[in-house]
Structure formats: C-alpha cells, structure tokens
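A.B. asks: Protein chains in written order, with our numbering: chain A, 6 to 356; chain B, 6 to 356.
These aren't lab readings, by the way, just hints derived from the structure by calculation.
Every residue gets a Cβ at the ideal spot worked out from N, C-alpha and C, and that includes glycine.
Mixed in with the good hints there might be a few duds.
Stated by the list, open to error - Across the chosen pairs, the derived CB separations fall in these ranges:
#	chain 1	residue 1	chain 2	residue 2	range
1	B	Asp7	A	Arg273	42 to 52 Å
2	A	Gln269	B	Arg16	27 to 37 Å
3	A	Arg77	B	Glu318	34 to 44 Å
To be verified - Covered stretches of chain B, going by a simulated chain A footprint (3 or more residues, C-beta under 8 Å):
#	region
4	32-42
5	68-82
6	170-184
7	281-288
Listed below, chain by chain, are the residues.
2 protein chains.
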Amino acid sequence: MDKPFVAKLRRIDPYVPGEQPQSDTIIKLNANENPYPPAPGVQNVLRTFDAARLARYPDANGRALKSALAARFGLRPTQVFLGNGSDDVLALAFQSFFCSDLPIVYPDITYSFYPVWCDLFRIPYRTLPLDDDFCIDLRDYDAPNGGVIVPNPNAPTGRGLTLDALDDLLRHNTDCVVIIDEAYVDFGGQSAVPLLETYENLLIVQTMSKSRSLAGLRVGYALGSETLIDTLEAVKNSYNSYTMDTLTLAAAEAAVRDEDYFQQICRRVIATRERTAEALRALGFVVSPSQSNFLFVTHPRKDAPAIFAYLREQGIFVRYFKLPRIDTYLRITIGTDEQMDRLLDALRSYL
Amino acid sequence: MDKPFVAKLRRIDPYVPGEQPQSDTIIKLNANENPYPPAPGVQNVLRTFDAARLARYPDANGRALKSALAARFGLRPTQVFLGNGSDDVLALAFQSFFCSDLPIVYPDITYSFYPVWCDLFRIPYRTLPLDDDFCIDLRDYDAPNGGVIVPNPNAPTGRGLTLDALDDLLRHNTDCVVIIDEAYVDFGGQSAVPLLETYENLLIVQTMSKSRSLAGLRVGYALGSETLIDTLEAVKNSYNSYTMDTLTLAAAEAAVRDEDYFQQICRRVIATRERTAEALRALGFVVSPSQSNFLFVTHPRKDAPAIFAYLREQGIFVRYFKLPRIDTYLRITIGTDEQMDRLLDALRSYL
Numbered sequence: 006m007d008k009p010f011v012a013k014l015r016r017i018d019p020y021v022p023g024e025q026p027q028s029d030t031i032i033k034l035n036a037n038e039n040p041y042p043p044a045p046g047v048q049n050v051l052r053t054f055d056a057a058r059l060a061r062y063p064d065a066n067g068r069a070l071k072s073a074l075a076a077r078f079g080l081r082p083t084q085v086f087l088g089n090g091s092d093d094v095l096a097l098a099f100q101s102f103f104c105s106d107l108p109i110v111y112p113d114i115t116y117s118f119y120p121v122w123c124d125l126f127r128i129p130y131r132t133l134p135l136d137d138d139f140c141i142d143l144r145d146y147d148a149p150n151g152g153v154i155v156p157n158p159n160a161p162t163g164r165g166l167t168l169d170a171l172d173d174l175l176r177h178n179t180d181c182v183v184i185i186d187e188a189y190v191d192f193g194g195q196s197a198v199p200l201l202e203t204y205e206n207l208l209i210v211q212t213m214s215k216s217r218s219l220a221g222l223r224v225g226y227a228l229g230s231e232t233l234i235d236t237l238e239a240v241k242n243s244y245n246s247y248t249m250d251t252l253t254l255a256a257a258e259a260a261v262r263d264e265d266y267f268q269q270i271c272r273r274v275i276a277t278r279e280r281t282a283e284a285l286r287a288l289g290f291v292v293s294p295s296q297s298n299f300l301f302v303t304h305p306r307k308d309a310p311a312i313f314a315y316l317r318e319q320g321i322f323v324r325y326f327k328l329p330r331i332d333t334y335l336r337i338t339i340g341t342d343e344q345m346d347r348l349l350d351a352l353r354s355y356l
Numbered sequence: 006m007d008k009p010f011v012a013k014l015r016r017i018d019p020y021v022p023g024e025q026p027q028s029d030t031i032i033k034l035n036a037n038e039n040p041y042p043p044a045p046g047v048q049n050v051l052r053t054f055d056a057a058r059l060a061r062y063p064d065a066n067g068r069a070l071k072s073a074l075a076a077r078f079g080l081r082p083t084q085v086f087l088g089n090g091s092d093d094v095l096a097l098a099f100q101s102f103f104c105s106d107l108p109i110v111y112p113d114i115t116y117s118f119y120p121v122w123c124d125l126f127r128i129p130y131r132t133l134p135l136d137d138d139f140c141i142d143l144r145d146y147d148a149p150n151g152g153v154i155v156p157n158p159n160a161p162t163g164r165g166l167t168l169d170a171l172d173d174l175l176r177h178n179t180d181c182v183v184i185i186d187e188a189y190v191d192f193g194g195q196s197a198v199p200l201l202e203t204y205e206n207l208l209i210v211q212t213m214s215k216s217r218s219l220a221g222l223r224v225g226y227a228l229g230s231e232t233l234i235d236t237l238e239a240v241k242n243s244y245n246s247y248t249m250d251t252l253t254l255a256a257a258e259a260a261v262r263d264e265d266y267f268q269q270i271c272r273r274v275i276a277t278r279e280r281t282a283e284a285l286r287a288l289g290f291v292v293s294p295s296q297s298n299f300l301f302v303t304h305p306r307k308d309a310p311a312i313f314a315y316l317r318e319q320g321i322f323v324r325y326f327k328l329p330r331i332d333t334y335l336r337i338t339i340g341t342d343e344q345m346d347r348l349l350d351a352l353r354s355y356l
C-alpha cells in the first residue's frame, strides 16, 4: 500500500519526450532541428565570455536581447517576452490568457503539447478538424470561444496560412486572446507580425530552436501588445524571475544580430526542401505542401510504420505519429543536401 | 473601458525582482552572490564548446550532470532532479507535492517566494512564528498539515538547524512531503542528505547560485526518493521537456566535479563572514549567528533604513526588508575581504 504522503502528490500522466539518439553516425531527421550551425557570432560569444560574470544573477529583464528582437521586428522592447524555449513561453501564455470558462479552440491535428497544457492548467478546449488536405477552415473559428491557438505553419503538416487568412481569423476573434505559434514561420511562411499594429489581443510566439539553430540553448519569445506582454511578465515573475541565463542571453543576441547568416541558412533549407519534395513525389510519395523545415509525406502503396522501421535500421531517424488521421504519414526534417540524398537512396532501395 | 479580451487574462500582482545595479564600481552585497568566480573548469567548457552542438536539442534528462551530482552526494542519478535555478525546482515542487486541502506550514520569516507560489497554485498555507532569536520551535510543526517547507539555514536570518533537529522534524511529519531548502547550506550548515535513506517523503533543494558561483547560469536541483523525483519529472515534462540547455549542463557538471575548488571558496566565505561578524559586533551591531553567506544585523541605536541609504550613497548595496519583525535589520552578503573592509570603513564613518 502507498504511504500516506503519496496521496498528497500531484497525479499526472508522464509526457515522454521524443527519442534523441546521441550517436554521430545517425542521420537525425526526427526533431526538426537545423542541420547548420548557429551564426558565427554565437561561437565568438562562448570563446570570449568571462566565466566570472556567471557568479552574478542575470539581467532578469533580458534588456539587450529584447532590444535586438524589437529592432529585428520593428517593435518596442516592451512588446517582447523571453522564455526558456517556446514551450516555456506557450505554457505561460496558456496559463496567462486562457482563463475563461469557454473552451479554447485549435486544430485537431497540431502540436501535441496543446492538450497537455490544457489538462495541466485545467483549461477547457475543443479541437476543430482540418479538412482532408490538412487545411484550416477559418469559418470554424467564428463562434465565441475562450481563446484561439493556431500554429502557422501547422505541425506536423507543414501547411501555412496567408496573412489575409490570419487577418480574417483575428477580425472574427477580438474578444479573446489569439496565439499564433510561428515556430516554423521562417522557412517560407507568412508571419502575423504586421497585424500586431491592429490587434491588441494577438500574441505571436517564435523560437530560436529551428531557424536560428539554437535548439540546444532554449530560447523562445513572444511578441504582442504591452497588455499581453505585461501579463506574461507578471505570471513569469511569480514563478521565477531569472529564467534566462547570462550566457544564453548573450549568445541569442549574437544570433539575432546576424540577419545575413539567418537569411542564408533559411534559403538553403527551403531549397533542399523543394528539391527533396520533388524527388519524393518522383518516388510515388504524396507530399503535403510545406512552408516549414520538414515534409509530411505518405505513400499510397507502402505502410508508413514499415518505412519508418526500415529507415531506422539504416540509421536514418524520421518521425511517425500513431495518431488518428495521420498514422499513414511520416514527418521528415530537412537536413543537409547530403543527408537528404542518403534518405532518398535508402527510400529507393526500399521501394 | 477595458476591451473584452482583457477579462480573460490572468489577474496577478506582479512580483518585482530585487535591484541589480550593473555598474562595476558598486560593491554588491545585496543578492547573496558569491564574490569568487566559478571553478576554472567552467571557463574551460565555454572556451572549448563547439557552438554547432547547439543546433541539436539538449539531453532532456541531463544524464551527465545528474550522474555528477549523484556521485557527489552518494545517491543514484534517479534521485536527482534538475531545474532552471532552485526557484524553478521549488515552484515545481510546490505544484507537485502540496496538493492537500490541509495548509502547508513554514516559518513566518523566510524566503519571500513561498507565499507567492502558494497564491499562484492556490495552496492553503499557515506560517509558524520564529522565536525572538529567529529560531524554529520544532514542536509547532507536530500538527497534521499539507506539507512542510523549511529553509536550512533560514533566509534572511542565516540561522541553521542541526541534523538531529531535522530528524525530529521528519519523524513528526511522515504523512506529507517535507522540503528542506538548502540554498545556503554549504557555508557551514548541516545538510539533510543523510536522512534521505530513512525518509521517502523528504525533498532537499539546493542551488548552484551561491556556493558554486553560478547565479548567472540558473541551475538548481532536488535530491529525494524516486517516488518524489518521478513526480517532479512528470510535472516538469508536462510543461517543457527541455528546461536545461546543453551549455549550462556542461558548465554545471564542470563545477560539480571540482570539489577542491568548491571547498576552498566556501572556506574563504566562512572565514570572511566570521571576521566581519566580529568587527560588526565591535561596532555595536547585534549579529545573528549565521551559517550562510550573509549576515543579518541590527544596531540598537541606529536606524536600519538610514544605514541602508548611507551605504547606498557610498556605492555599497545591502538588503533591507520593510517587513514585520525584521524592519530594524539589514542583510549583508559576504563579499571578498577587501569589500568587507570597505563596508566596515563606511560603517565606522557613519557611526
């Protein structure tokens, strides 16, 4: 029998993070990481950083990084919130903004953490089905609700919304907070940033894990009105004033300040994606149009789990989701051209 | 009038972090930071770290750092939980372990974040008054409760409990989780680690911000039974699987592996503390016995806020709490011998 103290513990279903094979010989196309290193300025920060500075607490407000991001997006620093990866930012945003008795709404096929946070923070929610091409029907979002979260582009489908569609979504949802999760937007999507001028209830969340090649550093941020950002800051400061460490703040700032490098690696990922999509179609795959750094593919005559298992044996890790509606699909992260050639060779052998 | 979406936001009183003056000429004795740099291995990690590794997600489980900590404390790695500073660990522990309808208990004079987390997570609580010497009366803790949190040594008083007293506390509280917050224990306190063998409901929380000189890196950890650690992991993974970044994990491991340096800087802080306490007593201050890296002092004939303001003018920042029972006290962090001499000179001039 459990000891009495066990009855006082929080009961929770553990969320198990995805597989992270550590071997260097593996081709890792399963976590939407960037195949290119971060901007050269990041290495320079590490090489020249005086470790003695770490004895002091960080700037709790992350002013230098907020200024760099504000300049990048044409916003004020007070419109920027920093977090420990975009999961941290999104979890805080769910807690901060989804406090209504009405359910929040989001697509039925989307980022798997949304229902986890709803359960954790006891937020009622309702999912709205994507159509058969994995597109959002904006009219589904016109009813009253407690909040909206839409990833653009969506994951794991890779499909994006236009700025006009986002404007339509916001025009019909002014009484609640609308979060646009732009984790993958830099690979050809249309950002909602221009809509911040018009909609005070819009929060945009981005990450440095994908387009900035800094998954290992844990930096996410939100852009929005001062009303929303102030609320996020208040909730965050109630937990922990110092979420961003001094080194991370400095390295992330170096990454943001190098716009040329950023544009260059995004273009390379996009070019490799388009080339890979074409080659996969030539092999008979159905490839969902992608504005992200991954492809969502299915083969009409081949079983997805079997392809997944075959690739794994070849040392190529992709992602398979055993979930309703998408259990015949694979999600393949865009690596280097060489990595994608190895993938295509393996698929050719298999087929 | 507020727009309708504002009604759906979380209402919260912002917690304002303490003052962090950035100038180098200031003597900063207000945040209990360590005056010495982190272990030399930390600088070495930064200098040699390949930034390309940051493109990949970190090890979500922080295995290498957990192993180093487990070896340091004679525990299993599964008895170690890692967090983004001990505030992160404590906030998760409050959520994970204080789920009873009975109030949790802690001293009336203690770390100011405890009531903040209770409010945030809607945890009922009751404070138990310290005696006039700022000592805990263990008999106050014998009644049924929803959980116990006791800092040892306590902050801002600096007073510690013996291992026998901790054993007594645990013997009388087996039906709830007991958290011992050991942020300052390495400066002469008695750690509860030997009691982990006996008490499965004991969680010990420590930080690298003080004795490891890594406040800027944000590393805290908890030590406890697998039952408690597994629960913390489940709650943490529901928020954000990747709280610890790759660079921080590597730098913190280097710090933990250098036991000699750690012992050496702790001994230096303790020696400076004892010398400073004696000098302050000679100036007429009443100095609370301290087992931490700060002194809690009052002067029978001088006003604490006035001393605080005078020191500030001299570029010396200490801490004053305008709170019941302690508003005649100052908390002074132990800096280098030179810094403490400057403080003592300033106090001599003032008196």
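A.B. asks: Could you work out which earlier hints the structure fails to respect and list their numbers in ascending sequence?
C.D. replies: Failing hints, ascending: 2, 5 and 7.
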